[in-house]
Structure formats: C-alpha cells, structure tokens
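Novice: Sequence:
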Amino acid sequence: MNRSLGAVRELAFQQWQTLRSALVATGVAIEELAPQPGLPDLVFTANAGLVFRDTFLSSRFKHEVRAKESPFFDAWFAAHGFQVDHMPEGLFHEGAGDALFCGDTLFAGYRTRSDASAHQWVAHRLGVRCLPLELVNPRFYHLDTCFCPIAPGVALYFPDAFDAYGRRVLAAHVPTLIPVVETEAQRFGCNAVVVGTTVVHNSRCPGLAADLSKHGFRSVEVELDEFLKAGGSAKCLTLRLDGEDAAGWKRTTDGGAGS
Numbered sequence: 000m001n002r003s004l005g006a007v008r009e010l011a012f013q014q015w016q017t018l019r020s021a022l023v024a025t026g027v028a029i030e031e032l033a034p035q036p037g038l039p040d041l042v043f044t045a046n047a048g049l050v051f052r053d054t055f056l057s058s059r060f061k062h063e064v065r066a067k068e069s070p071f072f073d074a075w076f077a078a079h080g081f082q083v084d085h086m087p088e089g090l091f092h093e094g095a096g097d098a099l100f101c102g103d104t105l106f107a108g109y110r111t112r113s114d115a116s117a118h119q120w121v122a123h124r125l126g127v128r129c130l131p132l133e134l135v136n137p138r139f140y141h142l143d144t145c146f147c148p149i150a151p152g153v154a155l156y157f158p159d160a161f162d163a164y165g166r167r168v169l170a171a172h173v174p175t176l177i178p179v180v181e182t183e184a185q186r187f188g189c190n191a192v193v194v195g196t197t198v199v200h201n202s203r204c205p206g207l208a209a210d211l212s213k214h215g216f217r218s219v220e221v222e223l224d225e226f227l228k229a230g231g232s233a234k235c236l237t238l239r240l241d242g243e244d245a246a247g248w249k250r251t252t253d254g255g256a257g258s
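Read in numbering that gives the first Met the number 0, the sequence shown has 25 at position 26, and its numbers run on one by one without any break.
Don't read these hints as lab results, they were simulated from the structure. Quick caveat, the model's predicted, so the values are computed rather than measured. You may find that some hints are simply not true.
Simulated restraints, written as ranges between beta carbons of each label pair [said to hold, decoys possible]: (1) R8 with D162: 35 to 41 Å; (2) P39 with K213: 35 to 41 Å; (3) K213 with A74: 41 to 47 Å.
Derived EDC-like pairs (lysine to aspartate or glutamate); straight-line CA-CA distance at most 16 Å [to be verified]: (4) K249 with E9; (5) K228 with D103; (6) K249 with D103; (7) K228 with E9; (8) K67 with D40; (9) K61 with E88; (10) K61 with D40.
Glycine is no exception: its CB is placed at the ideal position from the N, C-alpha and C atoms.
Given the sequences, and given the hints that come with them, work out the whole structure.
Specialist: The structure is reproduced here in structure tokens:
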C-alpha cells in the first residue's frame, strides 16, 4: 500500500461495481455493508472476522483506525442470525484476511497483523486443525494476499511470501500448489474470489489466468488498481458467508458473499 497515492473515488467506485457485477454473474447473492464516515478501510470486509458455520469470530485489529470498524461488523452479523464471539484481550487477529480453510484445515498467517497465539485460540474455539504460517515479506501482510485455496487440496500461492518452513508445511498439506510469479503476486493475483470453478482476480495476471485454465478453472480478470493502492484486491473486498468452495464445511442456512 502507498499512502502517497490517493485513490480516485469515481474510478474506485466503478471498479467496485465491476467486481460486484462479475460476482453476480457467477450466481451468488450479494449482501452489502453500509459505508461509515471516517472508516475508509471498512470496504475491506474480509478482515471483519472469521465466519464458521453460524458463528462469526469478530476480529481484534492491531491498529486503532481499523478497530473502530468492529462494532459495525458485529451489528451486521448479529442482525443476520450469526452468533458473534470476541477474542480475549491481548490477542490480535484480522479474520479471513489471515485465516483460510483449505479442506478441513485452517491455514493461518501471522507476524504482521495477526498473532500465532490468536490462531491457536481460534482453532480451539472452532475445534479445527490450524497450521500457522509466518509471513516474511512485509508487502504480503495478510495471508490472503499470497495464498488462495481454490478447491479442497488446491491453492494459489506466492512462495517467497513464506519462509522455508512455511513452504514445507504448505507442500505437505496442500497436494496441488500453483505458484504465482512475483510480478503477478505484487498485483495481488492471489487475492482472488472463488465461486465454484470461477476465480475472479485483479487484471494483468496472464500467467495466473493460464495456470488456472490448465487446472480446470475459469479466470475472470477485473481491474482493481484503485484498491491495490490501499493494499487490497478482490478477496479483501469480500467475505464469504456460507463457506468458501475450498473449505471442508458449508453453512447450513442460506448464505452469500458479503461486500
């Protein structure tokens, strides 16, 4: 992200609408969160918390400017039938930005925004296996910027965002890893939204698009550069409410994609 590069409001809104249209075209239902004055990062709903079945584990943000978002996220989820839980004081966890299911395993990024200890608390609370992964490249500060499960046992990833141990963990637990080259990883190609076999991601990632096609997935490119300035792309702008397609669970009631 670059604070010296302010987003062009009209272009950002146009790009968001294009993303929304691309998702609607896949057949998903979209729920929208009302914007709030003074909370520009509220648009990055992936960081609101972690959804698991009918439970919403509200994030505990490391930075105060984002912590002010939590009451709005909590109120929305409570009003939509979720049980809202909060983490203990002293733990930092930024929701689906750093916690992604691939099959029955929760892969969890830590170092920059979330704590490894917070992930262990989440694993105990949900009763799932959690594998922490240290993020060693500050450009890839959330796990969803460099790792994207696209089906059980299949994931996109940028290898250099992880240390050697993290790469071994991924190789041992994700049978099919699709590496993304650095130039496309820097365009947050891994920060994608998966709906069935369709993968919606930022534009100008031809290598990623070709690899997805080879593995039986359809690539849909959407220009999201105005959000890239603030450190986010397609996945950051959405939060799946009914369980990601790569996860080993689905919500029992009707869900959709929040944005």
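Novice: Now, for every hint given, state plainly whether the structure supports it.
Specialist: Hint-by-hint comparison with the structure:
1. Taken as a hint, the range 35 to 41 Å holds for the pair R8 and D162, whose Cβ atoms sit roughly 39 Å apart.
2. Checked against the hint of 35 to 41 Å, the C-beta distance between P39 and K213 comes to roughly 38 Å, which is consistent with it.
3. Between K213 and A74 the beta carbons are some 44 Å apart, a value that agrees with the proposed interval 41 to 47 Å.
4. Restraint check for K249 and E9: the C-alpha separation of about 36 Å exceeds 16 Å, so the hint is violated.
5. Restraint check: the Cα-Cα separation between K228 and D103 comes to about 33 Å, which exceeds 16 Å; the hinted pair is violated.
6. About 11 Å separates the Cα atoms of K249 and D103, which keeps this hinted pair within 16 Å; it holds.
7. At roughly 15 Å between alpha-carbon atoms, K228 and E9 fall within 16 Å of each other, so this suggested pair holds.
8. Of the pairs offered as hints, the one joining K67 and D40 holds, with about 10 Å between alpha carbons and a cut-off of 16 Å not exceeded.
9. Restraint check for K61 and E88: the C-alpha separation of about 11 Å stays at or below 16 Å, so the hint holds.
10. Between K61 and D40 the alpha-carbon distance is near 14 Å, which keeps this suggested pair within the 16 Å criterion.
Hint violations for this structure: numbers 4, 5, all remaining hints satisfied.
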